[in-house]
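Enquirer: Chains as they are written, first to last, in my numbering: chain A, 1 to 152; chain B, 1001 to 1152; chain C, 2001 to 2152.
A few of these clues could be false.
Think about it this way: if two alpha-carbon atoms lie no more than 16 Å apart in a straight line, the pair counts; the simulated EDC-like pairs of lysine to aspartate or glutamate are [claimed, not checked]:
id : chain 1 : residue 1 : chain 2 : residue 2
1  : B       : Lys1112   : A       : Glu116
2  : A       : Lys112    : C       : Asp2044
3  : B       : Lys1036   : C       : Asp2096
Read the hints as simulated data drawn from the structure, not as lab findings.
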Amino acid sequence: MLNERRNVLKKLFASLAGIAGLNVVAKAASNTTFDKQAKNVVYDQEIPLFSSSTKHGGFVFLAGIGAHFEGDIKAHTDHVLKEMENQLKKAGSSMDKVLKVSVFLHDLNDYKAMNEVFRGRFGSNPPVRTTVAVYGGVPGNSLVEMDCIAAV
Amino acid sequence: MLNERRNVLKKLFASLAGIAGLNVVAKAASNTTFDKQAKNVVYDQEIPLFSSSTKHGGFVFLAGIGAHFEGDIKAHTDHVLKEMENQLKKAGSSMDKVLKVSVFLHDLNDYKAMNEVFRGRFGSNPPVRTTVAVYGGVPGNSLVEMDCIAAV
Amino acid sequence: MLNERRNVLKKLFASLAGIAGLNVVAKAASNTTFDKQAKNVVYDQEIPLFSSSTKHGGFVFLAGIGAHFEGDIKAHTDHVLKEMENQLKKAGSSMDKVLKVSVFLHDLNDYKAMNEVFRGRFGSNPPVRTTVAVYGGVPGNSLVEMDCIAAV
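One chain only, chain A, in its complex shape:
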């Protein structure tokens, strides 16, 4: 059943991202509203949908990051963590400053393999983490989605 769901999702996301006109693109945008700063706004049909990062009061918040290519949980986890590092650097933060990570797995059976890639990536004082599995609930056919809150 889960495999069927994945196939459905793959088609869904393909249609979301392309044919069906969702037209989500990331543009470079870094404006300041009072203290809040938002970076790399993602647009849906030219309308701002969400930002890749926001900053306020010494904290940076990252949007949920998935891996939208064919690959196993280790490849997906590695991709997500590398993208997290990229986004943190753009926002003036870094992996060792991450305070909290939320992990949404496609399948709880991937828990151990996800850990094998996750461990050690945040230095000797890693963030807190909350992990749950949502069985088909991760958008875009990704096996894992992660967001984080970091110090900056």
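Fit chains B and C to the given chain A structure using the hints.
Expert: Here is chains B and C on its own, set in the frame of chain A:
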């Protein structure tokens, strides 16, 4: 199966909210404990259950908001966002100050339609967002539940 | 189906925690990186996996807490809340300073019974709360997992 689940949930929530004695009501309450401020405490049988918003150190946190009426994902998303705006205003914040939104969909197939209502609602520097679907896991038969963290 | 899932998860977690060599252990560690402080780092094969709490800028973040023993939702909720209180105290915070709680239920049918144990545990100005159910997605066979953000 999901439709069956929704019916079960509808009954469950009806019983939760009414007959079965949960008796959850929102009362106006805005007290200060040190820096922390809590607004609109929700009670369960006269005992404080959770607040609608809390504030501390330049940040406001909103409780998960659902839509507990018959309607499609667009109607539910619109309701949730309007209620979010109301709660933010009560707390002295606003939609353009939202830093992070968490979106829990009932069904990932609602992703695109949710986006159509979501986009543009937070101004030109929108919050980061994390979206997953929980397939029957949103309380009270809502098609979507959202919470947020905002600057204040 | 959910019961079957639970059994699978029980076996999975047993294997994760033991035989299969995950070897996750909590060690006392409280170091400071700039402002960020991390407490009780959990290691996976001697490599830092995540911390039990992190602190920065007047906020403390707690890792997701589950109940990994045989018991019903009330016993699991009570255990999780007691452990939350322990971790908050270690970090210099307390239950009445909690700003936001995320609740991940194994089964939405446990919502009411979870509330019965949850209510009143955070004083008269409780945190905001977001609750969803993930139907088999909570690691380690726990019926509920909670994390929090608190003032400190």
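Enquirer: Taking the hints in turn, state whether each one holds.
Expert: Each hint tested on the structure:
With a C-alpha separation of about 33 Å, the suggested pair Lys1112(B) and Glu116(A) falls outside the 16 Å cut-off, and the hint is violated. Only pairs whose Cα atoms come within 16 Å are accepted, and Lys112(A) paired with Asp2044(C) is accepted, the gap being roughly 10 Å. Note on Lys1036(B) and Asp2096(C): the hinted pairing holds, with a Cα-Cα distance of about 9 Å set against a maximum of 16 Å.
In this structure, only the earlier hint numbered 1 is contradicted, and the remaining ones agree with it.
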